[in-house]
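Each of the two chains sits in its own frame; use the hints to bring them together as a complex.
Chain residues, written in single-letter form:
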Amino acid sequence: MCGIVGLFLKTERFQPRLGELTASMLHEMRDRGPDSAGFAIYDRGQAGMTRITVLAEGQRPDWGRTAADLETVLDAEVSVRPIRDHAVLETAGDGGRARQWLIDNSPEVDVLSYGSQIEIYKAVGDPDLVAINYDLRSRSGTHALAHTRMATESAVTTNGSHPFATGANTCLVHNGSLSNYNWLRTRLERQGEIFQTENDSEVAAGYLAWRLREGDSIKEALERALVGLDGFFTFAIGIEDGFAILRDPIACKPAIVAETDDWVAMSSEYRAITHLPDSSHATVWEPAPGVIYTWARAA
Amino acid sequence: MGPGCVSAPDPVTTIDLAETSLRDLNQKLHQAERGSFRVLNPRGAHAVACGIDADISVEIHGSVGYYCAGMHQKGSVYVDGNASTGLAENIMSGTVRISGSATMSAGATGHGGLVVIEGNAGARCGISMKGVDIVVGGNVGHMSAFMAQAGNLVVLGDAGSDLGDSIYEANLYVRGEVASLGADAICKDMRPEHVRTLAGLLEAAGMEADPNDFRRYGTARGLYNFHIDDVNAEVARRAG
Numbered sequence: 000m001c002g003i004v005g006l007f008l009k010t011e012r013f014q015p016r017l018g019e020l021t022a023s024m025l026h027e028m029r030d031r032g033p034d035s036a037g038f039a040i041y042d043r044g045q046a047g048m049t050r051i052t053v054l055a056e057g058q059r060p061d062w063g064r065t066a067a068d069l070e071t072v073l074d075a076e077v078s079v080r081p082i083r084d085h086a087v088l089e090t091a092g093d094g095g096r097a098r099q100w101l102i103d104n105s106p107e108v109d110v111l112s113y114g115s116q117i118e119i120y121k122a123v124g125d126p127d128l129v130a131i132n133y134d135l136r137s138r139s140g141t142h143a144l145a146h147t148r149m150a151t152e153s154a155v156t157t158n159g160s161h162p163f164a165t166g167a168n169t170c171l172v173h174n175g176s177l178s179n180y181n182w183l184r185t186r187l188e189r190q191g192e193i194f195q196t197e198n199d200s201e202v203a204a205g206y207l208a209w210r211l212r213e214g215d216s217i218k219e220a221l222e223r224a225l226v227g228l229d230g231f232f233t234f235a236i237g238i239e240d241g242f243a244i245l246r247d248p249i250a251c252k253p254a255i256v257a258e259t260d261d262w263v264a265m266s267s268e269y270r271a272i273t274h275l276p277d278s279s280h281a282t283v284w285e286p287a288p289g290v291i292y293t294w295a296r297a298a
Numbered sequence: 000m001g002p003g004c005v006s007a008p009d010p011v012t013t014i015d016l017a018e019t020s021l022r023d024l025n026q027k028l029h030q031a032e033r034g035s036f037r038v039l040n041p042r043g044a045h046a047v048a049c050g051i052d053a054d055i056s057v058e059i060h061g062s063v064g065y066y067c068a069g070m071h072q073k074g075s076v077y078v079d080g081n082a083s084t085g086l087a088e089n090i091m092s093g094t095v096r097i098s099g100s101a102t103m104s105a106g107a108t109g110h111g112g113l114v115v116i117e118g119n120a121g122a123r124c125g126i127s128m129k130g131v132d133i134v135v136g137g138n139v140g141h142m143s144a145f146m147a148q149a150g151n152l153v154v155l156g157d158a159g160s161d162l163g164d165s166i167y168e169a170n171l172y173v174r175g176e177v178a179s180l181g182a183d184a185i186c187k188d189m190r191p192e193h194v195r196t197l198a199g200l201l202e203a204a205g206m207e208a209d210p211n212d213f214r215r216y217g218t219a220r221g222l223y224n225f226h227i228d229d230v231n232a233e234v235a236r237r238a239g
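Order-wise, the sequence lines are chains L and S.
According to numbering that gives the first Met the number 0, the first sequence is numbered sequentially starting from 0.
According to numbering that gives the first Met the number 0, the second sequence is numbered sequentially starting from 0.
These aren't lab readings, by the way, just hints derived from the structure by calculation.
Every residue, glycine too, gets a C-beta built ideally from N, C-alpha and C.
There could be a bad hint or two in this list.
As the list claims (entries may be wrong) - Among chain L residues calculated to face chain S with C-beta under 10 angstroms, some are:
| no. | residue |
| --- | --- |
| 1 | Gly-57 |
| 2 | Gln-58 |
| 3 | Trp-62 |
| 4 | Ala-250 |
| 5 | Pro-253 |
| 6 | Glu-268 |
| 7 | Arg-270 |
| 8 | Ala-271 |
| 9 | His-280 |
| 10 | Val-283 |
| 11 | Glu-285 |
| 12 | Ala-287 |
| 13 | Pro-288 |
Unchecked claim - Label-pair restraints from in silico Cβ distances:
| no. | chain 1 | residue 1 | chain 2 | residue 2 | range |
| --- | --- | --- | --- | --- | --- |
| 14 | S | Ala-203 | L | Ser-176 | 20 to 28 angstroms |
| 15 | L | Met-149 | S | Leu-39 | 24 to 32 angstroms |
| 16 | L | Gly-227 | S | Gln-30 | 52 to 60 angstroms |
| 17 | S | Arg-214 | L | Gly-227 | 32 to 40 angstroms |
Only chain S is shown next, with the shape it has when bound in the complex (with noise of 0.2 angstroms):
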């Protein structure tokens, strides 16, 4: 290419998986360095753009399975449609985004990357996350970021009862309501670095909010040592 040139926009590679086994999807999605593909009749398929490992595009167009983009890095996934459990589980690094809702346990145990769901994600999303950040539109259900270690995880609209059960680490966003605070979860102050973080994230999400219009939770750390209080109480039991 000489000087002066443009790169020409890479081709998009179509795969219909109504004539494509899954795994030759993933397979060539592998093999990719670069480029962009659309998939075609997921049709509620499980592990669709699985292991991505390269700076690809995906957009999947129809509604996906189990474990869509899981272990993800680098790349992004797109899904115009809704994801079943385990979207974006363990995802690295990279982008993954859904137009529709998210049944269970989405972005569980992600280290790094932006999981951006846009309508509602179900019980235990963020459970175990670990660096992950996590915008949802919507609401979460019940048990979301069930011992979150590190990460964000931001609610446009209500959370589930026992948001944040055993939480390590971690912020959570929430700007509607929070059913009820799991064991050791507490509401704590929006400092200025939080609001920027917050308004970084929704930024990133393509989400329009107000960040002042959201209380952040987190850990009480009260988990963290085993109380002394605990242990007198055993020992007067045994005194009896």
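Bound conformation, chain L alone (with noise of 0.2 angstroms):
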């Protein structure tokens, strides 16, 4: 089943309770997934410096160890904040070089997204406690993404959580399963994606990552991925200055979108939307199947 959820703040009025809103529609979700969670939290973040979000399941390691070897690979200085067995590692050196040396070299370490302005956190477990572990509620920022996991097809595990992201600033969550996937995967691999997990959902967040890096926008990724993704999916989608919805053309997962002048909210079900600002007053439509929907900040 699976619960996603997606909050794409268009004005400044909210901003500093998108972590807040985020965990209300979280919260809503639990029924559809509550054998894990994650959420992704965009904020705008400090120019010229790169965050990596790391996670270490069920360990305590040494981070000060891990940014120090970092520092050595990058050549610039790496800060880290942990928190339970995750950590954000800061850095002006490069994140994709970061990501790769970390996979290539820390088996024991999953890189959950690197970025100027994007945090991912995920784990087994209830998604409330989930929200409270990781301090959602505490968060400000400009979009949110979260999802709720009911594992059909594979095992409960944290590296099995969605948000999925590869590229820089951008990931996804998906409710639906891919059937083309493990072929997609080597493909993606051939140019140069670096996979983490056997999950069908991160071979979607690498083929969309693998356009933009090509040059697409999100929207021209996305036309492409309804031709060369295969299955069923509803995705709700993070950039770094926008919000993108997809769903496949016979649309068997369920997307609800709600829009006022402040905020764009997507959810699985229409209750996540119901606690937000004014959402009495939102425009509220089911998304059309395979329609691309994007929402970009003014500059």
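Structure representation (structure tokens):
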């Protein structure tokens, strides 16, 4: 089943409350996925700095040592902000290089995201507890995605949890299942994508990261995804300054969108939207099958 | 009550879902034999007013989640708002009406009664309908009336792709454009009895439209039997 939510703030009005609003949406989707949960938070970040969110599940690794190793590799300072079994590493160095080095050299570490604006957290267990443990409510920012997972075809593990990110500042949450992901993963690996799980949704994230790296706009990347990805999907996608929604042309997986002057919210179910400010005056609609919806922040 | 007395209208019972659990609401509706109910703050809850089996009237103020008024019989349910997946699924009789739009599979597998959607309906509206009448003021999504068996689907707007795919019987009346017809669905003549039926449905739904502006779609009955041509093709293939 799985539940997905996305919240894109069009104005600054609710930015201090982004985490709290996202947590309320996540809470409503708990029934759809009580096994595990995750969320991505986008904020404005700090110019010239890249954050790398890393996870060492069930461990308390020596993040100071990891940072020191990375400093040598990147030839730049790396600071560490640990939060339970996650840590956010911040550097002026090359985030993509850092991701690759960590994947190649630190098998106990999963790299959940990298980029100037994104942080991703995920864990098994009650989605409300995941929100509490990783302090979602206190976060401010511009947009967020979250996911509650009901595992149907693979084990309940943290690294099977969404959101998935392989490229800078790009991530997605997925409700559905892809059927051509194995073949696609091999193809993307030849294009230089690096994957960390056996999950189909990670391949979709890699597909978009690849297209964006090749210079596609998010709309162009999703137009290609409609042809390249075979299977069932409702996606909510975050990029640096934007938000997108796409459903496959058969559209078995649910989605509802609501929009006001201040925000756009997307969810598997309408009830996740009812707690948002002014939701009773929002324009509400079901995204059409195979239609790409995008929002971008005004420059 | 003495002769000549007029029975007083039933008082309206108000149930606020911000204070009452969904289970309590549905239990109250199942226990009632008559009367009117007003439901407040549904906030997208699932299965609101499911399984009604009495001549009661329920008004829901706000949008509902999945399966609202599912398995409905006899009474009437009105939603002042939108509805999610499976509005009035498996309705047997009575009326379900919403002022807004419904997402997927509205009126699915309905055996009887009337479902009125004043806005749009999403994909697979009336899937496997078995006798229900569905009137949609706006558009319906793709694969509506998929495998429809009996009843009427009336669409005042447009229909998405693959309308009436693998339809057995049932009449589909569409005033606007049909993106495409599904397998074995065809456009059929509007005979006088169809105009009469449609006029009656529009009146029952309280929709103003001229029945002569609609086209009728239904089954070509081409999938009812196995085609002997297919056997010949198989024999030829095996003969190599």
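Outcome of the hint check:
The criterion of a C-beta within 10 angstroms of any C-beta in chain S is not met by Gly-57/L, whose closest approach is roughly 35 angstroms, and the hint is violated. Among the interface hints, the one on Gln-58/L is violated; its C-beta lies about 40 angstroms from the nearest C-beta in chain S, farther than the 10 angstroms criterion. Given hint, Trp-62/L at the interface with chain S, is violated; its Cβ is 41 angstroms from that chain's nearest Cβ, farther than 10 angstroms. Residue-level restraint check for Ala-250/L holds (minimum Cβ-Cβ distance to chain S is 6 angstroms; threshold 10 angstroms).
Taking 10 angstroms as the C-beta cut-off, the interface hint given for Pro-253/L holds, the closest approach to chain S being about 6 angstroms. Using the Cβ-Cβ criterion of 10 angstroms, the hint placing Glu-268/L at the interface with chain S is satisfied: the shortest such distance is roughly 6 angstroms. A hinted interface residue such as Arg-270/L counts as satisfied when its beta carbon comes closer than 10 angstroms to some beta carbon of chain S; here the least separation is about 3 angstroms, so the hint holds. This hint holds: Ala-271/L has a C-beta 8 angstroms from the nearest C-beta of chain S, less than the 10 angstroms allowed.
The criterion of a C-beta within 10 angstroms of any C-beta in chain S is not met by His-280/L, whose closest approach is roughly 13 angstroms, and the hint is violated. Among the interface hints, the one on Val-283/L holds; its C-beta lies about 6 angstroms from the nearest C-beta in chain S, closer than the 10 angstroms criterion. Because the beta carbon of Glu-285/L sits about 5 angstroms from the nearest beta carbon in chain S, less than 10 angstroms, this interface hint is met. Given the 10 angstroms rule on beta carbons, the hint for Ala-287/L holds: about 8 angstroms separates it from the nearest Cβ of chain S.
About 6 angstroms separates the beta-carbon of Pro-288/L from the nearest beta-carbon of chain S, less than 10 angstroms, and the hint is met. A hinted range of 20 to 28 angstroms for the beta carbons of Ala-203/S and Ser-176/L is inconsistent with their spacing of about 42 angstroms. The hint said 24 to 32 angstroms for the Cβ distance between Met-149/L and Leu-39/S, and at roughly 31 angstroms that hint holds. Between Gly-227/L and Gln-30/S the C-beta distance comes to about 55 angstroms, which sits within the given range of 52 to 60 angstroms.
Distance hint check for Arg-214/S and Gly-227/L: the Cβ-Cβ separation is about 37 angstroms, which falls inside the suggested range of 32 to 40 angstroms.
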